[in-house]
Every structure is written in structure tokens, then in C-alpha cells.
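Enquirer: Let the sequences and hints guide you as you build the complete structure.
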Amino acid sequence: MLRREEAIRYLPLMVFVVIVIILGLVVPQLLSVRNIVNVLNQSAALGLMAVGITFTMVTGGIDLSGPSVMALGGILGAMVMREGGPLVIGVVVMVLFCMALGMLNGFAVAYLKMVPFVVTLSMMYISMGASIWLTREVSVSVPPAFVKVLTFRILDLPFPVFLFFAIAFLAFGFLRKTQYGRWLYATGSNPTVAKILGVPVEQVVFKAYLFSGLFAGLSAVVTTARLMSASSKMGGEGVILNVVGAAVVGGVSVHGAEGSVLGAAIGAIFITILENMMNMMQVSYYLSLIAKGSLVVAVVAFDCWRKERFYYKRG
Amino acid sequence: MFWTQGFKEKLFISLSLSRLFLIAIVVFFGFSLLTKKFLSLTNLFNFMHASVPLMFVATGLTIVVLARNLDISVGSVAFLAPVVGSTLLVRYGFPLPLSVGVVLLVGLLAGLCNGLIVTRLKVNSFIATLGTMMVFRGIGLQIVKGRTIGLPSVLSNLSSVRFGGFYWDILVSLVFLIFLHVVHTRTPFGRYVSAVGSDPDVCRRAGIDVDKVVLLSFLLSGLFASVGGLWLSMQLGSVSLRMGIGMEFVALASIVIGGISLFGGEGSLFPGLLLGVYILYMIESGLNYLGVSPYFYPFVRGGLIFSAMYVDSLRVRLTKEGKTSSVKG
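Respectively, the protein sequence lines represent chains A and B. With the first letter of the first sequence counted as 1, position 2 gets the number 1 in numbering that gives the first Met the number 0; the numbers rise by one all the way through. With the first letter of the second sequence counted as 1, position 46 gets the number 45 in numbering that gives the first Met the number 0; the numbers rise by one all the way through.
If you're looking for bench data, these hints aren't it; they were derived computationally from the structure. Don't take each hint at face value.
Unchecked claim - Under the rule of at most 25 angstroms between Cα atoms (straight-line distance), these lysine-lysine pairs were calculated in the DSS-like manner:
no., chain 1, residue 1, chain 2, residue 2
1, B, K121, A, K306
2, A, K176, A, K194
3, A, K306, A, K194
4, A, K194, A, K112
5, B, K211, B, K121
6, A, K306, B, K211
7, A, K232, A, K147
8, B, K144, A, K232
Claimed, not checked - If the Cβ cut is set under 8 angstroms, some of the chain B residues that face chain A in the computed set are:
no., residue
9, T131
10, G245
11, F298
A virtual CB, placed ideally from N, CA and C, is assigned to each residue, including glycine.
Expert: Here's what the structure looks like:
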């Protein structure tokens with residue numbers, strides 16, 4: 000019985016695999032090596048953020064601020080490098096700044112018991128406002144050396160792809176094998192019981208948002224390297240839809256305690272393929288917003304239906 | 000002992016209401032001392048006038064929040080509805096009353112769509128409206144195809160009619176707010192909204208049609224968002240592409256500043272929300288007179304929303320602790 004439930008949880012993902020394979024057979028250029036490398040390269044930044052949002056979604060919360068925090072961190076790092084700071088400092092600024100904002104989210108959610116959705120929505124608009132204020136909507140270019148270091152290719156695959164895969168597997172193992180990972184899932188499934196059993200619930204939730212900030216920082220590094228500049232548009236409103244979409248398509252439940260980092264990473268690749276296909280078919284940005292928004296609602300509705308069918312009836 | 004649960008709650012409610020009045024007064028006189036231009040009837044009417052579109056949007060959203068849901072698609076509805084209306088009016092020559100009717104209809108349809116997703120498909124309202132927020136904006140952008148639509152001057156003049164400096168639309172927004180306040184406090188529906196917000200499960204067992212109440216709250220939110228969007232486009236004289244972006248954030252900010260609990264069930268439209276909206280706009284207008292760049296406003300709103308939310312969660316925790324201890328005792 001459990002197997003069937005697992006299978007149904009990943010049904011959206013499997014449907015997408017089938018769709019992509021069929022489309023790949025119909026449109027051969029979609030599966031060309033060049034396009035695959037391109038898609039993987041584009042999915043790295045999205046995938047890192049999807050890994051981050053998975054941590055917070057497993058606790059039953061959500062971190063909507065990922066993309067805009069990523070943009071702000073990227074801008075700050077790029078500015079440091081523009082003022083002559085060394086590359087390492089630029090990278091460190093990007094990662095640490097995003098972690099600091101993640102800590103702020105985590106503190107508000109875990110210790111001050113605020114609603115995660117509204118906290119991170121506020122953080123999203125605050126950091127969006129900050130990046131527009133800092134850049135006046137002009138993009139900040141990063142030094143060519145930075146781009147060169149971060150996009151060097153091994154076997155045709157650029158470095159961000161390796162970083163993305165490594166992080167996805169590491170995070171997957173981390174959540175499966177360590178005490179923290181088990182605590183995270185326990186907190187998500189029932190915080191009250193978890194607390195009685197001795198799980199430091201506040202600390203676990205706090206760290207989840209911290210991790211989300213960390214991955215947003217890594218994503219900032221990858222994105223600025225790929226675009227060769229940082230701008231306030233990197234974290235535009237459509238991006239958060241991609242991140243949430245990647246997570247829910249990958250089987251991460253909005254109710255918490257379910258889904259894995261690997262699922263979200265695969266979800267990110269499929270969202271990128273979807274964007275790529277829509278680009279090839281010359282679908283306008285506006286229509287792609289409609290498509291992705293409906294997709295998220297449909298997949299979450301499916302998740303809710305599945306929960307109702309398999310969990311509540313049994314109890 | 001007089002320090003009972005009921006007394007504690009009453010004290011907290013009266014404290015939070017008087018706190019709101021206190022904040023409003025402090026902010027008002029603070030800015031009056033800091034800048035000379037702030038303390039004038041013109042300025043007072045000006046920021047009240049500027050807050051009218053938001054007042055509409057926040058009024059509808061409050062009903063949803065009171066029923067323990069969220070609707071973050073309001074900004075996009077406030078964009079989509081006037082887009083459809085103005086396209087029909089300007090491009091296809093529809094008569095004005097019919098176009099306005101269409102605007103309201105679009106708002107209702109958007110609310111119906113949100114409400115059905117939440118009640119029938121059982122999707123949690125945050126995610127549902129995050130999705131529809133993008134869908135509605137996408138539809139609107141697809142209709143205008145990247146162009147700004149200018150409105151006939153009849154409409155833009157209508158929004159700035161005033162009697163001796165007093166804009167009449169301030170009165171309109173107040174009438175709507177009071178109307179919904181009466182609905183909230185004096186009708187069965189209003190009571191059900193608060194009840195559902197406090198505890199949906201108990202309501203279900205008590206035989207209240209929770210889904211119907213939630214659906215109606217989303218319908219109201221959609222309708223009010225479309226009115227807010229209509230009014231914003233009238234004030235601007237056109238329907239611009241970025242209209243309504245971030246409006247849900249400002250509306251939520253004024254809701255939490257107004258002491259309406261994000262945990263559902265508690266708070267009032269009058270005077271809670273009214274003060275929330277005016278405090279926010281008063282601060283922004285004051286900052287404007289101090290010469291602070293508008294780029295800085297998101298920080299102010301963010302800081303306000305964070306501190307208001309902190310008070311909210313503190314209150315919920317205090318009363319909750321009281322409840323469990325009274326059960327034990």
C-alpha cells in the first residue's frame with residue numbers, strides 16, 4: 000500500500016518525464032547535446048533555490064523571499080567586486096548576506112512565531128525594494144575573471160551544473176542520514192509531538208530558513224556568473240513561481256514533512272525544460288506566467304486530493 | 000482574582016485599540032513638529048485621497064483574513080479588472096456603465112475562481128492565490144500586450160472631484176468600509192466569518208457551511224480588489240503595466256498594523272483597518288515631506304509589518320497560554 004502512495008506522490012513528476020520524452024521525440028533539437036547542456040546550466044540557479052525552499056516547506060512553512068534575496072545578495076557582491084574587492088570576498092559577501100537575511104526570516108518564524116508566508120512575503124518586497132534602491136534598476140556588471148572562474152567547463156558541462164548536482168546529493172544525504180534531517184521531517188509532520196519528544200523545534204525551523212538563505216546565496220553566485228551581471232530583475236516575481244513550481248512538481252508537499260531535495264532538484268530541471276520549450280514555441284512571457292501559475296495550482300490541488308484520499312480516510 | 004482570562008483578553012483588546020489611536024496621534028504630531036507643511040488640511044485630505052484605492056482593496060482582503068485565509072492575488076485582480084474594462088471601453092467602444100459593470104464582474108469572477116480552488120480543490124489559500132496572482136497578471140498583460148491604456152478624462156475627473164479641498168472619494172471609501180463593518184458585526188454572515196476564522200473545525204461540527212462562508216469572503220475580496228483597481232486607474236488616468244504590483248503587501252501591512260490577526264477571527268474593520276491604512280499613509284506622506292526617497296518606503300512598510308506581526312503573535316500566545324491554563328485549573 001505504501002508503494003502505491005509513493006508512486007502517486009511522484010505522479011506529476013512521472014507525467015512530466017513522459018511529456019518531455021514525447022516532445023523530445025517530436026522536436027529532436029530539444030534533446031540535442033547543446034540544448035541539454037544549456038538547460039542544465041540554466042536549471043542550476045533555480046535548482047539551488049528549489050533545494051533551499053524544500054527545507055522550509057518540509058517544516059510546513061515556506062520561504063518566498065529566495066529569489067529576491069538572491070538578487071540583493073548578488074547585487075551587493077557585484078558592487079563589492081566593482082569597487083575592487085577580490086573575487087573571493089565578492090562570493091563570500093553574496094553567500095553571507097543571503098544567510099543573514101535567512102537568519103532574520105528564521106528568527107521571526109521560529110522564535111517570534113510569526114506566519115512564515117507573510118514574513119517571507121515581506122522580506123521579498125523589502126529586498127526587492129532594496130535592490131531597486133541600490134541599483135536604480137541598472138544592472139551591475141561583474142569582473143570577467145569572476146565569470147571565467149565560475150563558468151569553466153569540465154567535459155562540456157559548466158561548473159555550476161556540478162555544483163548544483165553536488166549540493167543536491169549532499170543535501171539529500173544530509174536530510175536522510177543525519178539527526179537534523181529526521182528532526183526536520185518530525186517537526187514538519189507534527190511540531191507539538193516533536194517538541195514533546197525532545198526535538199528542539201525552534202532551532203530546527205530556524206536552521207531551515209538559514210539553509211534556505213545559504214542556497215539562495217549560492218544561487219546568487221551562479222546566476223551572476225551566468226548573466227555576467229547582477230540586477231534587480233534576477234529576482235522578479237515570475238522567479239518565485241518557478242521555485243515553488245519546481246518544489247511542488249518534485250513531490251514536496253505544501254503541508255510539510257513530505258518530499259525530498261532530489262525531487263525538487265529534478266522538478267527544477269523540468270521547470271527549466273518547460274520554459275525552454277515555451278521559448279522555442281515562441282510563447283510570450285505573459286502566457287508562460289499563466290501556464291506556470293495554473294501548473295502550480297493544479298499540482299498542489301492534486302497533492303491535496305492525494306492527502307485527503309490516503310491519509311484522512313485511514314485515520 | 001480579577002486577573003481572569005476574560006479580563007486579560009478585554010484588557011489586551013482595549014490596549015491594542017487604544018495603542019492604535021496612540022500610534023496615530025504620536026505619528027501625526029511627530030510629523031507636524033518635524034515638518035511645517037505636514038500639519039494642514041490639504042495634506043490631510045491629500046493622503047486620505049491617495050489611500051482610497053488601497054482602502055478598497057484592504058477592506059475586501061480583511062474579510063478573507065478574518066476567515067483565516069489569505070488572498071495575495073488582490074494586486075493582480077486590481078490590475079486585470081480595469082484592464083478588461085478599459086480595453087472594452089477604449090478599444091471596442093462599450094458604453095461607460097457597461098464597462099464599469101464588466102470591471103466588477105471580472106473582480107467577482109476572479110474571487111469565485113480563488114474561492115472555488117480553496118473550497119472545492121482544498122488547496123491552501125496562500126499557494127492557490129500565489130498561483131492565481133501570476134495567472135491573472137499574465138492574462139492582463141496578454142490583453143494589453145505591453146501598452147498603457149489611457150482613460151477618458153470623464154473618469155479621471157470623477158476621482159478628483161472635491162468640495163473645498165475634501166475629495167469626495169474619501170467619503171465613498173469610508174461608506175464602503177462602514178458598510179462592510181456593519182455586515183461583519185451585525186449580520187449572520189459576518190458572525191460566521193469571525194467564527195470560521197477562530198476555529199473552522201468547531202464551526203463545521205456546529206453545522207455552519209464553512210465552505211460557503213470562505214467562498215463568499217473570496218468573492219468580496221475579488222469585488223473590492225476590482226473596485227480598488229478601478230479607482231487607482233481613475234486616479235492615474237490610465238491603466239499602466241505595473242499597476243497593482245506589491246499592492247497585496249501594502250494591504251497586508253495596513254491590515255496587521257490595524258490589529259487584525261493573521262491567525263484569523265480577531266480584529267475590526269472600523270476603527271482597526273481604517274486606522275491601519277491611515278497610519279501607513281500618514282507615515283509615508285510625512286517621510287515624503289522630510290525628503291526621504293520613495294525607494295525607502297518598502298523598508299518602512301517592512302519594519303511596520305514585522306513589528307505589528309510580532310505584537311499579533313505575542314497576543315495569540317498569551318491568550319492561548321491563558322486558555323490552556325484555565326482548562327487545567
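Enquirer: Can G245/B be said to touch chain A, with a Cβ gap under 8 angstroms?
Expert: Since chain A brings a Cβ to about 6 angstroms from G245/B, closer than 8 angstroms, the hint holds.
Enquirer: Hinted pair, alpha-carbon criterion (25 angstroms max): K232/A, K147/A. Please report holds or violated.
Expert: Judged against 25 angstroms, a Cα distance of about 23 angstroms means the pair holds.
Enquirer: Hold the hint about T131/B up to the distance rule: shortest CB distance to chain A must be less than 8 angstroms.
Expert: holds, 6 angstroms
Enquirer: Double-check F298/B for me: the hint is only fine if its C-beta lies closer than 8 angstroms to a C-beta in chain A.
Expert: Interface hint status for F298/B: holds (6 angstroms vs cutoff 8 angstroms).
Enquirer: Holds or violated: K211/B and K121/B, Cα atoms, limit 25 angstroms.
Expert: Within the cut-off at roughly 13 angstroms; holds.
Enquirer: Take a quick look at whether K121/B and K306/A sit within 25 angstroms of each other, Cα to Cα.
Expert: holds, 10 angstroms
Enquirer: Is it true that the CA of K306/A sits at most 25 angstroms from the CA of K194/A?
Expert: holds, 24 angstroms
Enquirer: Is the hinted pair K176/A and K194/A satisfied, with a Cα-Cα distance of at most 25 angstroms?
Expert: Roughly 20 angstroms separates the two Cα atoms, so the pair holds.
Enquirer: Compare the distance between the alpha carbons of K306/A and K211/B with 25 angstroms, and conclude whether the hinted pair is satisfied.
Expert: holds, 22 angstroms
Enquirer: Would you mind confirming whether the straight-line C-alpha gap from K194/A to K112/A stays at or under 25 angstroms?
Expert: Cα-Cα ~15 angstroms, so holds.
Enquirer: Within 25 angstroms, alpha carbon to alpha carbon, are K144/B and K232/A?
Expert: Roughly 20 angstroms between the alpha carbons, so the hint for K144/B and K232/A holds.
Going down the numbered hints, you'll see the structure goes against none, and every one checks out.
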